[in-house]
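There are 4 protein chains.
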Amino acid sequence: MSWITKDNKLVKEFIFKDFVQAFAFLTKVAIEAEKQQHHPEIFNVYNRVIISLQTHDAGNMVTEKDYKLAAKIDALI
Amino acid sequence: MSWITKDNKLVKEFIFKDFVQAFAFLTKVAIEAEKQQHHPEIFNVYNRVIISLQTHDAGNMVTEKDYKLAAKIDALI
Amino acid sequence: MSWITKDNKLVKEFIFKDFVQAFAFLTKVAIEAEKQQHHPEIFNVYNRVIISLQTHDAGNMVTEKDYKLAAKIDALI
Amino acid sequence: MSWITKDNKLVKEFIFKDFVQAFAFLTKVAIEAEKQQHHPEIFNVYNRVIISLQTHDAGNMVTEKDYKLAAKIDALI
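Chains as they are written, first to last, in my numbering: chain A, 18 to 94; chain B, 18 to 94; chain C, 18 to 94; chain D, 18 to 94.
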């Protein structure tokens with residue numbers, strides 16, 4: 018799957034084997050997000066994760082900061 | 018704040034000092050959820066966390082399992 | 018690499034690509050350890066993790082509980 | 018307790034209520050370490066955490082980078 022644009026957000030769904038794998042992925046996302054000082058919307062239930070990216074300082078639009086974090090998140094898996 | 022019932026879910030919002038504190042809380046919730054084999058819906062953006070609890074095996078209703086995990090989550094902070 | 022026995026402990030070293038991957042692995046180990054109520058010695062620096070297992074209630078010997086957690090940890094990667 | 022200097026490392030031991038609280042603290046330390054690109058030696062068993070800081074690029078001495086991360090770690094609890 019790839020990132021889609023929805024409601025001015027860059028959105029991607031990730032499916033893992035189980036909750037433990039999903040949460041380990043979220044831990045990697047969390048570390049990277051804090052490092053870039055750009056924090057996504059995170060949704061998780063069991064093995065399913067949805068990440069939504071948007072730049073609040075830019076009037077809630079998708080900006081270069083979002084594409085950069087999206088690319089980094091893809092590289093974390 | 019306390020847990021509210023909404024759309025057949027037990028829901029509570031938590032506000033933290035920053036993202037790092039919010040994610041550390043989520044790590045505690047994750048460990049406890051896996052231990053109880055009962056996984057919440059987790060929503061997070063920056064310092065804000067929303068936990069929603071529902072028992073899927075019981076026709077998506079709030080059951081004793083949800084109240085038990087809710088009480089445990091409150092004790093984690 | 019495989020688990021070795023050293024000083025009455027079951028020990029294994031894991032090398033990851035970087036710190037983020039190493040810590041995500043530790044998060045999975047942490048969840049599993051708490052679930053089994055059997056907590057390893059964890060050592061980490063950057064991309065290197067050493068896990069040591071021993072049963073304190075059994076006079077600090079390697080027991081079935083350690084082999085069980087070791088097998089689970091191998092399956093987490 | 019405070020940080021002590023031992024074998025050219027800045028070392029501090031932390032005791033928590035249980036393993037879950039200890040590991041949530043380690044998650045905060047991990048995020049901060051990666052953000053500063055300065056990674057401590059981490060030791061954990063159950064509710065006990067030992068953090069050791071040293072600057073490898075400076076001939077394994079304690080430097081300003083270690084004092085900075087130590088102060089940040091104290092602020093995370």
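Some hints could be false.
Given that identical chains are not distinguished, each listed pair holds provided it fits within a single copy or across any two copies.
Claimed, not checked - In silico lysine to aspartate or glutamate, DMTMM-like type, Cα no more than 25 angstroms apart, as pairs:
| id | residue 1 | residue 2 |
| --- | --- | --- |
| 1 | Lys34 | Asp24 |
| 2 | Lys34 | Asp74 |
| 3 | Lys23 | Glu81 |
| 4 | Lys29 | Asp74 |
| 5 | Lys85 | Asp74 |
| 6 | Lys82 | Asp35 |
| 7 | Lys82 | Asp24 |
| 8 | Lys29 | Asp91 |
| 9 | Lys45 | Glu58 |
| 10 | Lys34 | Asp91 |
| 11 | Lys85 | Asp35 |
If you're looking for bench data, these hints aren't it; they were derived computationally from the structure.
Consistency of the hints with the structure:
1. Within a single copy, Lys34 and Asp24 get their C-alpha atoms no closer than 29 angstroms, and across copies no closer than 28 angstroms, so neither meets the 25 angstroms cut-off.
2. For a Cα distance limit of 25 angstroms, the shortest separation of Lys34 from Asp74 across copies, 19 angstroms, qualifies, whereas the shortest one inside one copy, 35 angstroms, does not.
3. In this assembly of identical chains, Lys23 and Glu81 lie within 25 angstroms of each other by CA distance solely inside one copy; the values are 16 angstroms within and 37 angstroms between copies.
4. Taking the shortest Cα distances, Lys29 and Asp74 sit within 25 angstroms of each other inside one copy (21 angstroms), while across copies they are farther apart (27 angstroms).
5. Within a single copy, Lys85 and Asp74 get their C-alpha atoms as close as 16 angstroms, which meets the 25 angstroms cut-off; across copies the closest is 29 angstroms, which misses it.
6. In this assembly of identical chains, the alpha carbons of Lys82 and Asp35 lie at most 25 angstroms apart only when taken from different copies (20 angstroms versus 30 angstroms within one copy).
7. Taking the shortest alpha-carbon separations for Lys82 and Asp24, only the intra-copy value of 17 angstroms comes in at or below 25 angstroms, while the best inter-copy value is 35 angstroms.
8. Taking the shortest alpha-carbon separations for Lys29 and Asp91, only the intra-copy value of 10 angstroms comes in at or below 25 angstroms, while the best inter-copy value is 29 angstroms.
9. With identical chains, the CA atoms of Lys45 and Glu58 are at most 25 angstroms apart both within one copy (14 angstroms) and between copies (19 angstroms).
10. In this assembly of identical chains, Lys34 and Asp91 lie within 25 angstroms of each other by CA distance both inside one copy and across copies; the values are 17 angstroms within and 15 angstroms between.
11. Taking the shortest alpha-carbon separations for Lys85 and Asp35, only the inter-copy value of 19 angstroms comes in at or below 25 angstroms, while the best intra-copy value is 27 angstroms.
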